[in-house]
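Engineer: Sequences and hints are given; from them, build the entire structure.
Protein chains in written order, with this note's numbering: chain A, 72 to 495; chain B, 72 to 495; chain C, 72 to 495; chain D, 72 to 495.
Source of the hints: derived by calculation from the structure; they are not laboratory data. Just so you know, nobody snuck in bad clues.
Covered stretches of chain B (in silico footprint by chain C; criterion: 3 or more residues with CB under 8 angstroms from a CB of chain C, positions within the stretch not fixed):
{"#": "1", "segment": "342-348"}
{"#": "2", "segment": "373-386"}
{"#": "3", "segment": "448-461"}
{"#": "4", "segment": "468-477"}
Please read these numbers as outputs of a predicted model, since none were measured by experiment. Beta carbons: idealized from backbone N, C-alpha and C, even for Gly.
Number of protein chains: 4
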Amino acid sequence: MSEGNKPLLNAVIKHIRENVDPISEEYHRLGDAQEDRWSYHPRQLELLEGAKQKARDAGLWNFFLPNAETGEGLSNLDYAYIAAELGKNPLASQTLNCSAPDTGNMEVLERVGTPEQKEKWLKPLLAGEIRSAFAMTEPDRASSDAKNIAMSAVLENGEWVLNGEKYYISGAGDPRCKIMIVMVKTSPDAEPFRQQSQILVPMDHPGVEILGPMHVFGHDDAPHGHMHIKFTNVRVPETNMLWGEGKGFEISQVRLGPGRIHHCMRSIGQAEKALDLMIERGLSRVAFGKKIVDLGKNMETISRAKIEIESMRLLVLKAAKAMDVLGNKEARIWVSMIKAKVPEQVCDIIDQAMQVHGATGISQWSPLSGMYAQQRTLRYADGPDEVHHHVIARHEVQTYKDSNERQDAAKQHTENRGSAGFMG
Amino acid sequence: MSEGNKPLLNAVIKHIRENVDPISEEYHRLGDAQEDRWSYHPRQLELLEGAKQKARDAGLWNFFLPNAETGEGLSNLDYAYIAAELGKNPLASQTLNCSAPDTGNMEVLERVGTPEQKEKWLKPLLAGEIRSAFAMTEPDRASSDAKNIAMSAVLENGEWVLNGEKYYISGAGDPRCKIMIVMVKTSPDAEPFRQQSQILVPMDHPGVEILGPMHVFGHDDAPHGHMHIKFTNVRVPETNMLWGEGKGFEISQVRLGPGRIHHCMRSIGQAEKALDLMIERGLSRVAFGKKIVDLGKNMETISRAKIEIESMRLLVLKAAKAMDVLGNKEARIWVSMIKAKVPEQVCDIIDQAMQVHGATGISQWSPLSGMYAQQRTLRYADGPDEVHHHVIARHEVQTYKDSNERQDAAKQHTENRGSAGFMG
Amino acid sequence: MSEGNKPLLNAVIKHIRENVDPISEEYHRLGDAQEDRWSYHPRQLELLEGAKQKARDAGLWNFFLPNAETGEGLSNLDYAYIAAELGKNPLASQTLNCSAPDTGNMEVLERVGTPEQKEKWLKPLLAGEIRSAFAMTEPDRASSDAKNIAMSAVLENGEWVLNGEKYYISGAGDPRCKIMIVMVKTSPDAEPFRQQSQILVPMDHPGVEILGPMHVFGHDDAPHGHMHIKFTNVRVPETNMLWGEGKGFEISQVRLGPGRIHHCMRSIGQAEKALDLMIERGLSRVAFGKKIVDLGKNMETISRAKIEIESMRLLVLKAAKAMDVLGNKEARIWVSMIKAKVPEQVCDIIDQAMQVHGATGISQWSPLSGMYAQQRTLRYADGPDEVHHHVIARHEVQTYKDSNERQDAAKQHTENRGSAGFMG
Amino acid sequence: MSEGNKPLLNAVIKHIRENVDPISEEYHRLGDAQEDRWSYHPRQLELLEGAKQKARDAGLWNFFLPNAETGEGLSNLDYAYIAAELGKNPLASQTLNCSAPDTGNMEVLERVGTPEQKEKWLKPLLAGEIRSAFAMTEPDRASSDAKNIAMSAVLENGEWVLNGEKYYISGAGDPRCKIMIVMVKTSPDAEPFRQQSQILVPMDHPGVEILGPMHVFGHDDAPHGHMHIKFTNVRVPETNMLWGEGKGFEISQVRLGPGRIHHCMRSIGQAEKALDLMIERGLSRVAFGKKIVDLGKNMETISRAKIEIESMRLLVLKAAKAMDVLGNKEARIWVSMIKAKVPEQVCDIIDQAMQVHGATGISQWSPLSGMYAQQRTLRYADGPDEVHHHVIARHEVQTYKDSNERQDAAKQHTENRGSAGFMG
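Structural biologist: Right, dumping it as structure tokens:
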């Protein structure tokens with residue numbers, strides 16, 4: 072953490088403690104009691120807006136966003152430290168206007184949006200008046216290979232006409248969500264990485280139909296939701312195109328890195344919470360004359376969880392630092408490393424915490440199964456583990472090929488056929 | 072499979088194919104559409120009763136139950152083969168009157184019930200007119216140590232007065248469930264394994280309050296349900312005691328083994344289904360120019376799943392055989408081995424199938440997350456994995472101590488300190 | 072075990088106990104003291120020959136070999152039970168003339184040898200007068216793909232002229248080893264599986280040069296040895312060809328199955344020994360006031376080892392049975408399953424036993440590191456784990472494709488897109 | 072790495088490249104050819120002394136040792152970066168006089184030695200004229216619990232009389248090794264952590280008998296060796312006691328931390344080497360028409376190895392930093408974390424590299440099996456993994472107990488029993 076940003080970190084911590092923690096219980100209780108799961112109680116929004124105003128007053132609003140003119144802003148490393156704090160209360164990010172997927176959408180609009188796009192969508196997003204979504208994954212194709220994206224957009228009479236289906240559109244269930252960025256195939260005849268584009272589509276546009284929420288291990292995550300949406304002859308003006316036709320993948324580079332740092336730091340926060348719950352339960356229950364924590368392999372389980380949590384934290388900080396120093400493109404291997412390691416390992420730690428809890432651990436009486444479901448989805452989000460492993464390995468193999476020194480050392484060993492002095 | 076029971080197996084297979092499979096789609100569709108999740112549509116019951124009648128007509132009704140007088144019946148090994156078939160359609164067991172926990176309850180009533188208890192509860196259970204539940208686990212104690220069971224029952228004026236809470240009472244949400252067997256502590260001053268008793272409590276008895284369903288990874292499993300029940304001054308006649316005061320653990324021996332065989336065989340069926348879904352998905356989607364099944368480690372994942380499925384099946388059949396040959400008590404190590412190995416490994420296989428599916432794999436579009444939730448609960452049911460591992464290890468260590476031959480062989484090796492001819 | 076062969080099993084057990092166990096200590100002590108590690112002390116051979124004669128007298132000699140005329144012999148299943156006994160004393164097999172690779176070589180000669188070949192090599196092998204080797208793996212190629220075998224044999228003037236290198240030729244260090252079967256490429260222009268042939272080469276033939284033993288984790292396994300041999304213009308008569316040119320792979324089918332059953336049964340015997348050593352050590356040492364066996368995860372480690380040992384044993388017996396019932400070809404998937412599972416898992420169990428032993432566990436004072444080295448080699452022998460996993464998975468995928476029933480069931484599930492009743 | 076020490080790091084790198092790498096091949100070749108494995112060829116020592124002199128000339132000699140008067144020296148963090156370089160050539164440390172166990176012994180003598188002890192032993196050690204050993208582990212007791220150390224030393228007539236056995240005394244096979252520090256039990260009636268003392272014993276003292284080398288997976292590691300030594304009435308002057316009677320454990324605190332940093336950094340270097348060998352082999356062999364690196368799970372294996380290598384490196388650097396900032400005592404949890412994680416994981420990576428190599432990977436043609444053996448011993452050295460896991464978990468549980476904040480957060484969750492709105 073740079074010295075210069077420590078005051079910001081402390082202000083965020085203070086804000087969460089004073090303005091967010093105190094409203095959380097009432098907020099969630101009201102939410103649980105809503106008859107229509109896809110709506111908010113007016114008092115919920117009142118609580119939220121109150122905390123948002125306090126953040127604005129304290130100068131904490133939109134700190135995630137680099138200065139529009141100078142490009143200056145928080146380093147990823149400093150942001151990582153702040154993200155760790157944000158991860159401790161699920162409401163915190165929203166009160167500071169830095170929730171996913173809004174942050175990514177705002178960054179994209181800031182960098183490649185036209186003045187009109189900024190006026191219409193970025194302004195209310197920055198003001199915290201609306202929410203947004205990002206529609207990428209499609210139900211009918213292996214989205215692990217982004218080139219597979221096939222939902223069609225055709226230019227007709229100055230309008231893009233969209234047809235197809237997207238699913239797992241997170242946040243699209245929120246009644247405040249007003250705008251989507253949709254990844255579509257506009258140019259099937261271009262070279263593979265130039266076929267897709269990103270287009271702005273208002274949520275309430277004719278032809279946009281929310282078919283329902285995707286469940287995750289039985290959770291619908293209402294009212295946020297991971298929605299399944301059908302687009303039928305959705306016609307938007309040509310000017311809703313972001314940056315330009317065929318720029319879909321280029322735009323994605325903008326949003327990938329920082330969001331993953333943020334996600335991974337929150338995942339680590341979840342692992343720490345699971346570890347605390349494991350210890351609490353292990354200390355408070357007795358079986359066969361001993362505290363559960365002292366039975367069998369439980370102490371080793373705690374130790375291994377602790378070691379991995381610290382390892383993951385260091386790796387995420389390193390990735391953040393790499394982004395600051397090397398830029399998003401060069402740092403992508405570090406980002407893939409945390410993306411491939413963190414959610415899988417956090418799932419394991421949560422699962423072990425469940426096991427220590429007995430049947431309560433997988434029930435609604437414990438947050439663990441919800442935490443597990445959430446972390447399990449991250450093993451697909453922004454590319455499944457397998458894709459990241461492949462990216463990392465390909466880079467490692469290439470680096471090996473490019474390094475004469477490494478090759479020399481390795482080859483020296485592989486040719487070492489001693490005669491071993493057999494039979495005289 | 073014994074030659075003598077092959078006709079029975081074939082009749083069961085035929086029954087499922089002809090009488091159960093054809094009604095399944097309509098049955099589940101009606102269930103999904105019920106407004107009150109804890110009820111049945113009349114047509115659902117009509118379909119069920121139709122299939123039950125066909126099973127009665129075909130002489131397949133209650134085949135699980137040994138002859139009351141001679142004790143003769145299906146061997147566990149033969150039952151295991153039949154259970155594997157029952158596992159393929161979740162409705163099948165019910166149409167043959169051999170669902171859990173009814174089978175265990177009926178066995179217990181058959182063996183230790185009084186004539187009055189049999190008349191009142193066993194008769195309608197055997198006739199398939201009512202369902203039943205078994206209340207053992209308590210929310211406030213580590214139930215891994217069954218001696219911890221503490222819900223109190225006190226004898227007052229010829230009545231047992233029950234006070235306390237139980238949870239995860241499977242099947243207690245079903246409107247047809249009329250009777251519970253409840254494990255309670257009646258004799259706190261007796262020696263450890265003589266303090267608990269089992270008492271019959273009608274579901275609709277005054278003082279019995281269903282507080283709600285326990286969720287499993289967000290699933291409530293309605294209308295079956297895993298219910299949380301509070302008992303407040305529940306007074307039942309002294310004659311509702313099963314077998315006798317302090318016999319709680321002795322009764323449990325009756326029900327443990329065969330049910331676990333049945334459960335494990337069904338778990339293996341779930342693993343096979345997960346493997347099929349994994350292959351189906353892997354063959355039907357393409358990424359990076361290849362079928363998903365041919366990418367990365369997926370073929371090895373399939374192979375390892377297949378190997379473990381066959382290993383588990385053989386181990387379960389061996390355990391069933393051990394029960395037949397050695398009796399429940401001597402075979403308990405084999406039963407613990409399958410209980411400790413099967414659900415954990417099946418969870419892993421289902422998880423791998425999910426990963427091959429992408430985000431669809433954890434959604435309501437795939438049965439995998441529900442299958443996972445169900446198998447995950449089995450790692451606690453009838454004792455968590457850890458307790459079974461401890462039982463197995465303790466037995467193995469004791470067997471070692473008792474075997475002079477094994478000790479001699481091991482000691483011979485541990486004393487082998489060669490001089491190694493150092494320095495001349 | 073069939074009833075008919077139980078007397079044979081009992082006779083083998085009696086033979087080991089009475090004739091092999093008593094000579095083992097002296098035999099190994101003399102071997103350790105040999106100055107030339109690649110030789111035998113005369114007394115060693117005397118002891119061996121004595122035990123061999125007793126086996127002949129008891130009618131136990133060559134029981135592994137099917138009747139030359141009727142093809143009748145031990146079933147693989149019965150052989151598996153006997154192999155488990157043979158695995159308990161490393162000298163046992165030799166005293167019964169059923170050591171690897173002699174058994175495979177004798178089977179091959181018996182089935183495809185010419186009368187002259189039988190007279191010259193099979194006869195002394197059956198008599199236990201000489202030993203033999205099988206040369207397949209080559210140092211310069213990935214032998215996991217057997218089609219890679221490239222050591223050349225060219226027919227010149229009625230002689231095969233062999234040039235190239237082979238390594239890991241087990242048993243070729245034994246001074247009694249007189250004959251090798253060598254897999255060579257004779258027909259580079261034939262279709263892929265018709266290019267290789269097997270040729271008989273006497274050990275003492277001009278041009279055959281033993282370059283030295285291959286070490287395994289530092290062990291040279293003298294005087295048996297896994298030798299590295301160079302062939303320089305080795306000329307053998309055309310009649311040394313086995314069966315016919317291009318039949319190399321066909322011949323291999325003969326030897327693969329039963330040997331793997333035997334190997335895997337012995338591996339399981341090693342796992343049992345490791346488990347016994349783990350318990351013995353765990354009971355005999357104390358740390359932090361407790362027996363080591365009672366510390367941390369050690370009891371669970373014992374339980375998991377026990378469960379896997381029993382699972383592996385059942386799987387190997389199943390594979391043996393499959394060979395008996397289905398034939399070697401159809402049973403090859405079962406054989407691949409044991410080959411892929413057993414050595415890897417046995418390595419893990421031995422490693423855990425080492426860890427319980429502390430530093431003694433990896434030293435020469437314990438047999439564990441030698442056992443580990445031996446099992447670790449089996450993860451390559453007759454094809455590395457990865458090749459077997461691929462074979463299994465390919466077969467499973469094909470079986471899925473061929474089964475309409477499995478496909479129907481899987482597809483039904485993958486199309487289940489519920490509408491989930493969102494927003495009315 | 073601090074700016075101030077970067078020149079030192081660069082000088083070390085230059086020294087290794089210019090003075091150590093060029094002599095390594097000749098040095099090892101001569102060593103392999105020595106008839107007496109426990110000796111050096113004169114030319115070997117000449118080569119070594121030449122490189123040592125160059126290090127002295129360059130001011131790199133003894134940089135590991137803090138200033139005797141000011142206590143100032145390299146931070147552990149800076150040392151960690153240097154250790155990573157030292158790990159790349161097994162001769163490097165010796166040419167800079169910073170080999171284990173000499174460094175630890177010198178540190179101990181520097182801090183607690185008497186002027187006479189320093190004159191006699193520290194001086195020649197600092198000058199690189201002799202080598203030393205540290206005798207702690209005993210064959211007859213579980214050394215995981217250091218309080219078990221039981222080799223006796225009794226004070227008689229101004230002399231300590233030592234009787235007992237020690238094993239795994241690394242470096243005691245080297246003919247240049249002249250002095251041992253021996254941990255003994257001097258005060259059996261003191262409180263548990265005050266019973267042991269450390270005493271200086273010259274290697275050539277009457278009564279000291281080297282029984283032979285302990286092998287590690289068949290390797291004797293000559294001429295360094297891990298020796299088994301018997302002490303029979305070894306009488307040394309009272310003044311050979313280090314620091315004072317009963318100070319055995321206190322002295323050990325001095326040596327533990329930095330050595331482990333050094334060891335773990337070298338282990339990571341081994342993992343990197345294994346990864347390079349894995350890639351080299353994977354690129355240079357072909358099977359089934361593909362480079363091995365592209366088959367099955369191999370790319371994912373490479374990725375996972377890479378991720379873990381980076382995670383381990385960061386964790387070791389963090390532990391070094393913790394030692395600098397918090398001191399050895401407070402940092403001990405971080406040191407236990409690297410000790411418990413690194414060697415186990417490095418063993419796995421080396422094993423995977425072996426598997427990619429085929430049978431060559433476990434033979435003397437590859438360094439992998441020797442590397443594996445070495446890393447496997449580290450899972451016992453300075454306490455087995457299990458002891459470190461226990462230390463970490465106990466500390467984590469205690470930290471939890473001490474933190475009201477963590478407890479409050481955890482308890483809040485564990486009491487969250489929602490009513491779930493069942494049945495109206």
